[in-house]
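S.K.: Now for the letters of each chain:
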Amino acid sequence: MALDLAQFHDAFFDESFEALDTMEASLLKLTVGAPEPELIGTIFRVAHSIKGGSATFGFSEVASFTHTCETLLDELRANRMNVSRPITDLLLRSVDVMRDMLRAVQHKSPIDAQRVADLQFDLELAILQKNNAPAAPEPAPVATPPAAAAAASKSAYSWRIHFRPYSQLLIHGNDPLRMLRELGDLGDLTVNVDASNVPSLQQLDPESCFLIWDLRLNTDVTREVVEQIFDWAEGDCELRISEESAAPAAAAASAPAVAEPAAPVAKAEKAAEPARPALSVVPTHDAAEAPKQQGLGEGGSIRVSTEKIDELMNTVGELVITQSMLTQLGTKLEGGVAEQLRAGLAQLERNVRELQESVMRVRMLPISFVFSRFPRMVRDLSGRLGKNVELKVTGDQTELDKTVLEKIGDPLVHLVRNSVDHGIEMPNVRTAAGKSATGTVFLEAYHKGGNITVEVGDDGGGLNKDRILEKARSRGLVGATETITDDQVYELIFMAGFSTAEQTTDISGRGVGMDVVRRNIKELGGTIEVRSELGKGSRFIITLPLTLAIVDGQSVSVGTESYIVPLITIIESLQLKAGMVNRVAGQGEVFWFRDRYLPVLRLHEIFGVKPRTTQLHEGLIMVVEGDGRRVGLFVDDLLGQQQVVIKSLETNFRRVDGISGATILGDGSVALILDVAGLVRVAQQRAAA
Amino acid sequence: MQAAETRNGAVETGSHQVLTFTLGEETYGVDILRVQEIRGYSTVTRIPQSPPHILGVLNLRGSIVPVVDLRMRFNLERAEYTPLTVIIVLSVESAVGRRDFGVVVDGVSDVIDVASNDVKPAPELGEQVSTEFIEGLAAVSGRMVMLLDIDTLIGGDVAGLAAAPAATAA
Chain A
1 MALDLAQFHD
11 AFFDESFEAL
21 DTMEASLLKL
31 TVGAPEPELI
41 GTIFRVAHSI
51 KGGSATFGFS
61 EVASFTHTCE
71 TLLDELRANR
81 MNVSRPITDL
91 LLRSVDVMRD
101 MLRAVQHKSP
111 IDAQRVADLQ
121 FDLELAILQK
131 NNAPAAPEPA
141 PVATPPAAAA
151 AASKSAYSWR
161 IHFRPYSQLL
171 IHGNDPLRML
181 RELGDLGDLT
191 VNVDASNVPS
201 LQQLDPESCF
211 LIWDLRLNTD
221 VTREVVEQIF
231 DWAEGDCELR
241 ISEESAAPAA
251 AAASAPAVAE
261 PAAPVAKAEK
271 AAEPARPALS
281 VVPTHDAAEA
291 PKQQGLGEGG
301 SIRVSTEKID
311 ELMNTVGELV
321 ITQSMLTQLG
331 TKLEGGVAEQ
341 LRAGLAQLER
351 NVRELQESVM
361 RVRMLPISFV
371 FSRFPRMVRD
381 LSGRLGKNVE
391 LKVTGDQTEL
401 DKTVLEKIGD
411 PLVHLVRNSV
421 DHGIEMPNVR
431 TAAGKSATGT
441 VFLEAYHKGG
451 NITVEVGDDG
461 GGLNKDRILE
471 KARSRGLVGA
481 TETITDDQVY
491 ELIFMAGFST
501 AEQTTDISGR
511 GVGMDVVRRN
521 IKELGGTIEV
531 RSELGKGSRF
541 IITLPLTLAI
551 VDGQSVSVGT
561 ESYIVPLITI
571 IESLQLKAGM
581 VNRVAGQGEV
591 FWFRDRYLPV
601 LRLHEIFGVK
611 PRTTQLHEGL
621 IMVVEGDGRR
631 VGLFVDDLLG
641 QQQVVIKSLE
651 TNFRRVDGIS
661 GATILGDGSV
671 ALILDVAGLV
681 RVAQQRAAA
Chain B
1 MQAAETRNGA
11 VETGSHQVLT
21 FTLGEETYGV
31 DILRVQEIRG
41 YSTVTRIPQS
51 PPHILGVLNL
61 RGSIVPVVDL
71 RMRFNLERAE
81 YTPLTVIIVL
91 SVESAVGRRD
101 FGVVVDGVSD
111 VIDVASNDVK
121 PAPELGEQVS
131 TEFIEGLAAV
141 SGRMVMLLDI
151 DTLIGGDVAG
161 LAAAPAATAA
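Same order as they appear, the protein sequences are chains A and B.
Just so we're aligned, residue 1 is where the first sequence starts under UniProt numbering, counting upward by one.
Just so we're aligned, residue 1 is where the second sequence starts under UniProt numbering, counting upward by one.
For the record, the hints were derived by calculation from the structure and aren't laboratory data.
All C-beta atoms in this analysis are idealised placements derived from N, C-alpha and C, irrespective of residue type, glycine included.
Take these hints with a grain of salt, some might be off.
As the list claims (entries may be wrong) - Some but not every residue of chain A turned toward chain B, in silico, with C-beta under 10 Å:
#1 E182
#2 E318
#3 G608
#4 V609
#5 R612
#6 Q643
#7 E650
#8 V656
For reference, chain A alone in the conformation it holds in the complex (with noise of 0.2 Å):
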């Protein structure tokens, strides 16, 4: 049968940039001259199967130069080669190279023949100048005994099992090891092993299986049981299987016997091993290959594409309107029945509140995939500027929004840039300082009261507030004798075009960025805060909402109409009295508020909605905050506060100024939810007009 290869195209691809992300944590992660023997394992495992899938799919480039990849990392996997910095920047440069020529063949596009040339020509160099020294023993295989089955006294059957694995079963993935231990779990086993057939450690293919099993299974299971175990093994071993005669005698007979050589497999896999040393490669890339496939057995996950969580979330969204709906049609129902319908709706309710959270969650992923790429950033940037820079990333598990976490990326990359470049200090000044030669930027993210915070921050230099006010000063976005607070100095920062770096370098300091960073965040519905301290560092701290879906609302009426205002951008509701307004230039009306006046913006006025009443005390002040300023707005009233589901007006209509979507009320009515931040403009253009 024809197999269109091409339709696994965007499994492989997904798989490898995540493998290759894998493989690039690890590699910061080795330790100089002292690698970790997991660590090597879990590269070389990267190198080896998008060899593997790219040889498959035909990528004959990227199957070339991973394959001299894998050359590489098997001569430091068997310890014939120190991992030393050169040689791990080598390979980090390869992932870079691998990801573009994945890249190049997903988009069709041509691949940079010359510059994988030349790095793969550096791997071989590598490879041929590795320092020969012998391989020092790898550590015994840790392999976890399995539960002794306990009852092997009273087995139904007993089983002689020969198993003899053709040399490629190993290339095929699997994992002589695990269906031994699985063996072991199903009674008692006795395990003999003949190596006799390995060969010297010269002429030795770690890639291929030597060994010969013959195994004595005392058990209650079946047949079937039993070949399900080497199902996988099919075509690439020589299986028989037999039954002992007389199994319950010969099980009470065998039971003295057995007793001692029914070790645990792991036992028997140790005691092949003196015998010939060469075995422990073996094993070894078994045993690193075992909790992988373990794991893929238990906490195995799929792939689902966004497009059908996202149709998920829409139906559980109408599942929770229409509930309401039914609860609020049950409050008015009487009688005996009606108690029960109420109880059952109460049930439905959390049922539904449940079912949302748990779908909510399956978008959920942990902010470590934004954070990942951080490390190697840091490195990189540190090298190239001649600090010593460490990175302290902590609550990379916190989880948010697929959607957020894709937005937020960007933002971070600049902060975190910022942060290398301009907050920490050259090692001497640093010294000099008093501090330490190393600089730390830190990463932090963490959950708070239904927000997700991400701090970003160094141990540096600090914003300095006099240069930053003495340069707006000369570009007169402040006046000449104008005193600000500390707030508004650090505000200036996030002005377009805004920069103090003394000189532009290719990182950062063009002055285009932290107002882009600013709105990016502004447009996931979050706030960026600045902490500094001359000569200790500084702090941007980001607070961002778990989901776009959903946002905590206060709903207002005018008049008869209602409208859901995000809780995150209402400072304070205050009721004004009489006389309180002033009138700036016969127009504008202002009120005193905390330090400063703010303005009214009469939301009747706006929306050209008949209100309720006209006189400014006798309705509510809402004090909003969008883009960075404050504005009074005038409603008739505050009804309650709600989550409601984000619905974009735009799906069927378009957008409208000062209104950033919809949602759907209990009674299944529509309530416009108000964009703060448009309302404002809106307001400013008036005044303009």
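Given the structure of chain A, go ahead and fit chain B onto it with the hints provided.
M.R.: Below, chain B without anything else, positioned relative to chain A:
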């Protein structure tokens, strides 16, 4: 009118089904394949800063659908909304993609077969009467049915101001 007919796919089939509805004394028709749903009138949520004939939005099984009052769109005398007032939900091809729109009409009459031969172009009535959204006129059992080109009629309400980039993803 050749272009209009081709767009509707009516020429090939020879005849197509049309849902007719009334506005005052007149009967209009829309291609039945464009009709998503017919439902009773329910209160809509007004959208600020929109043209007067766009009444607002309502909840159509979870999606937010704008509603147009055809009487106001055609500058007819306004009628009171009663429980018998009907909203026809149509799918409209606009310059920015497929949109669902509700139109408020007085009442739904019938589904009729209209042969392509029976469709006559709308006469030019001078500048007072705009006929660009009339696809053609059909005489069916003695009555004149105005076939509406809903893409032209409603699509403009979407495309006109849709250039602004989306700021919210929902």
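S.K.: Was the hint right that R612 (chain A) lines chain B, CB cutoff 10 Å?
M.R.: violated (16 Å)
S.K.: Min Cβ distance, V609 (chain A) to chain B: is it shorter than 10 Å?
M.R.: holds (7 Å)
S.K.: Given E182 (chain A) was flagged as interface, is its beta-carbon under 10 Å from a beta-carbon of chain B?
M.R.: violated (47 Å)
S.K.: Under 10 Å is the threshold here; is the Cβ of V656 (chain A) close enough to any Cβ of chain B for the hint to stand?
M.R.: Holds. Min distance 6 Å.
S.K.: Under 10 Å is the threshold here; is the Cβ of E650 (chain A) close enough to any Cβ of chain B for the hint to stand?
M.R.: Where the cut-off is 10 Å and the nearest Cβ of chain B is about 6 Å from E650 (chain A), the hint holds.
S.K.: Just to be careful: measuring from the Cβ of E318 (chain A) to every Cβ in chain B, is the smallest value less than 10 Å?
M.R.: E318 (chain A) check passes; min Cβ-Cβ to chain B is 4 Å, inside 10 Å.
S.K.: Is the interface hint satisfied for Q643 (chain A)? The criterion is a beta-carbon contact with chain B at less than 10 Å.
M.R.: Where the cut-off is 10 Å and the nearest Cβ of chain B is about 14 Å from Q643 (chain A), the hint is violated.
S.K.: Take the shortest C-beta to C-beta distance between G608 (chain A) and chain B; is it under 10 Å?
M.R.: It holds, given that the least Cβ distance between G608 (chain A) and chain B is near 6 Å, below 10 Å.
The earlier numbered hints that this structure contradicts are 1, 5 and 6.
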